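K.L.:
Sequence:
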Amino acid sequence: MQEPEPSNFNKDIFDIINDKQQITYNELADIAFSRGIPKESLNKSLYFLEQSKAIASITNAGILTYYVLQDPNVLRKVLIVEDDKNINKLMALSLGKGFEISQIYDGGEALPFIRENKPNLIILDLMLPNKNGLDICQTVKTDPDMSDTKVILVSAMDPTSSRLKGIQNGADYYIKKPFDPAELRSLVTIFLKKKGKVFDPLIDLPNEERISAEVEHYIGEGEKYVMGTLHIDNFATYARRFGEKSAIVILRLISQLLQEIIKTKAPNVFIGFLNSDEFVIAGPNENVESTVAEVKKEFAAVLPFILQDEGYRQIDLDINNLFDSNQVPKLSLTYTAMEKEQLEERRKEILESKGLGNGEIGTYTYEELQRLFDREDLDVIITRDANGVKLRVGKSPEAG
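Here UniProt numbering is used: the first residue of the sequence shown is 1, the next is one more, and so on.
Some clues are possibly wrong.
[As the list claims (entries may be wrong)] In silico BS3-like pairs for lysine-lysine, Cα to Cα no more than 30 Å straight-line:
#1 Lys224 x Lys141
#2 Lys297 x Lys245
#3 Lys177 x Lys141
#4 Lys330 x Lys20
#5 Lys224 x Lys245
#6 Lys165 x Lys296
#7 Lys330 x Lys354
#8 Lys39 x Lys195
#9 Lys97 x Lys195
#10 Lys97 x Lys197
#11 Lys44 x Lys141
#12 Lys11 x Lys176
#13 Lys195 x Lys53
#14 Lys131 x Lys195
#15 Lys194 x Lys263
#16 Lys77 x Lys265
#17 Lys118 x Lys296
#18 Lys297 x Lys265
#19 Lys245 x Lys390
#20 Lys296 x Lys195
#21 Lys53 x Lys165
#22 Lys85 x Lys97
#23 Lys165 x Lys77
[Unchecked claim] Here are the computed distance ranges between Cβ atoms for each label pair:
#24 Lys263 x Asp148: 40 to 48 Å
#25 Gly243 x Lys39: 30 to 38 Å
#26 Gly243 x Pro284: 34 to 42 Å
#27 Lys296 x Asp180: 22 to 30 Å
#28 Gly243 x Arg375: 18 to 26 Å
#29 Lys245 x Ala156: 24 to 32 Å
#30 Asn207 x Leu356: 44 to 52 Å
#31 Gly96 x Lys354: 19 to 27 Å
#32 Leu93 x Glu367: 46 to 54 Å
#33 Ser290 x Gly243: 52 to 60 Å
#34 Arg346 x Asp143: 43 to 51 Å
Because the hints were derived from the structure by calculation, they are not lab data. As the structure is a computational prediction, the values presented were derived from the model and not from experiment. The C-beta atom is built at its ideal place from N, Cα and C for all residues, glycine as well.
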């Protein structure tokens with residue numbers, strides 16, 4: 001570490017993060033408290049570790065998470081493709097030191113440069129002279145020699161359709177302009193230098209451990225704190241009709257919509273992913289209500305573009321007629337609030353089945369979480385691991 005350690009730096013903080021490889025601030029604070037580490041020492045140690053590039057942090061789904069980084073002396077190649085020279089410069093300055101940065105201002109020059117220089121990550125504008133960003137992204141992600149390259153799209157275009165098209169073409173993340181330099185720096189750092197499994201914004205949504213902690217938090221909170229599930233209606237039918245790849249695009253789209261809403265409009269809301277066709281949402285009642293209303297509105301706005309990309313012509317896109325004719329599974333979002341009494345009753349049953357009585361359960365399994373949320377009849381199962389996201393759809397009801 002290059003900078004001198006502050007007087008109240010506690011090496012245990014790095015050891016805790018290194019052991020977990022990634023950990024939320026709240027989890028870290030609980031462990032620190034149990035070891036008698038003062039909060040001031042925790043916060044100053046985290047600041048020092050980030051400045052030393054031993055760790056990096058990002059807020060994902062409303063949760064501040066810290067990640068251990070690889071050797072900071074190993075340079076990663078970053079290519080910025082942005083025709084506005086001032087914005088291109090700002091992007092480069094935002095990344096700071098620790099990257100080998102190349103800058104291009106013309107889309108037509110991007111692919112030859114990428115093939116020759118093999119950057120690890122591309123920051124890509126959409127509106128470019130001679131070749132647009134979506135074409136560049138699609139070419140990179142479908143070429144076996146380049147497909148491992150991470151792509152972050154940064155655009156001032158209306159995200160209603162451009163975010164969807166970016167995800168469909170394999171983009172790893174989408175940021176709206178004007179962008180937050182700190183967010184861009186954190187994303188690039190974690191994508192390229194995170195120790196352990198590759199960062200994925202869907203995979204890294206809160207897992208069973210964090211959802212479990214949020215369930216316990218909800219039980220202990222008052223009436224103004226709510227929890228429920230956001231269900232993708234007819235998702236299994238859609239996946240059967242259009243395939244696994246199209247279905248995963250829908251999951252990634254809704255995930256990014258929720259993350260964007262929470263980041264900009266409802267910072268106190270929690271999101272988790274139940275490895276099926278549902279997301280868990282919790283937080284202050286009015287914030288959850290506004291988040292649900294906003295994501296429903298955003299999803300309804302992008303739905304015509306989803307159908308258009310599945311082969312329906314613009315002239316055919318009277319959505320209600322398509323749904324009524326059963327030509328297309330009716331995708332929509334439904335939020336169901338969780339009654340605290342029912343949740344506590346199911347929690348009691350799970351505790352008793354484990355022989356724990358009224359004790360602490362720790363972390364629920366995904367199967368137990370699905371019981372808690374009354375979702376044991378799953379049509380869709382998602383598996384998340386270091387190799388990415390896989391989707392399995394159950395037997396069609398028509399098949400008997």
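K.L.:
Is it true that the CA of Lys296 sits at most 30 Å from the CA of Lys195?
P.N.:
violated, 35 Å
K.L.:
Do the Cβ positions of Gly243 and Pro284 conform to the proposed distance bound of 34 to 42 Å?
P.N.:
holds, 39 Å
K.L.:
Does Lys245 pair with Lys390 here, judged by a C-alpha cut-off of 30 Å?
P.N.:
It holds: about 9 Å lies between the C-alpha atoms, which stays within 30 Å.
K.L.:
Need the status of pair Lys194, Lys263: alpha-carbon distance at most 30 Å?
P.N.:
holds, 22 Å
K.L.:
Can you confirm whether the C-alpha distance between Lys97 and Lys197 stays at or below 30 Å?
P.N.:
Cα-Cα ~23 Å, so holds.
K.L.:
With respect to the beta-carbon atoms only, verify the hint that Arg346 and Asp143 lie 43 to 51 Å apart.
P.N.:
holds, 49 Å
K.L.:
Given the hint of 46 to 54 Å, is the C-beta distance from Leu93 to Glu367 inside that range or not?
P.N.:
holds, 48 Å
K.L.:
With a cut-off of 30 Å on the C-alpha distance, tell me whether Lys297 and Lys245 pass.
P.N.:
holds, 24 Å
K.L.:
Check whether the Cα positions of Lys97 and Lys195 lie no farther apart than 30 Å.
P.N.:
holds, 19 Å
K.L.:
Has the given pair, Lys165 with Lys77, been kept, meaning a C-alpha gap of at most 30 Å?
P.N.:
Given pair Lys165, Lys77 holds - Cα atoms ~25 Å apart, limit 30 Å.
K.L.:
Would the hint linking Lys131 and Lys195 be met if the CA-CA limit is 30 Å?
P.N.:
violated, 34 Å
K.L.:
Next pair to validate is Lys39 with Lys195; report whether the Cα-Cα distance is within 30 Å.
P.N.:
holds, 26 Å
The structure does not agree with the numbered hints 1, 4, 5, 7, 11, 12, 14, 16, 17, 20, 21, 24, 25, 30, 31 and 33 stated previously, though it agrees with the rest.
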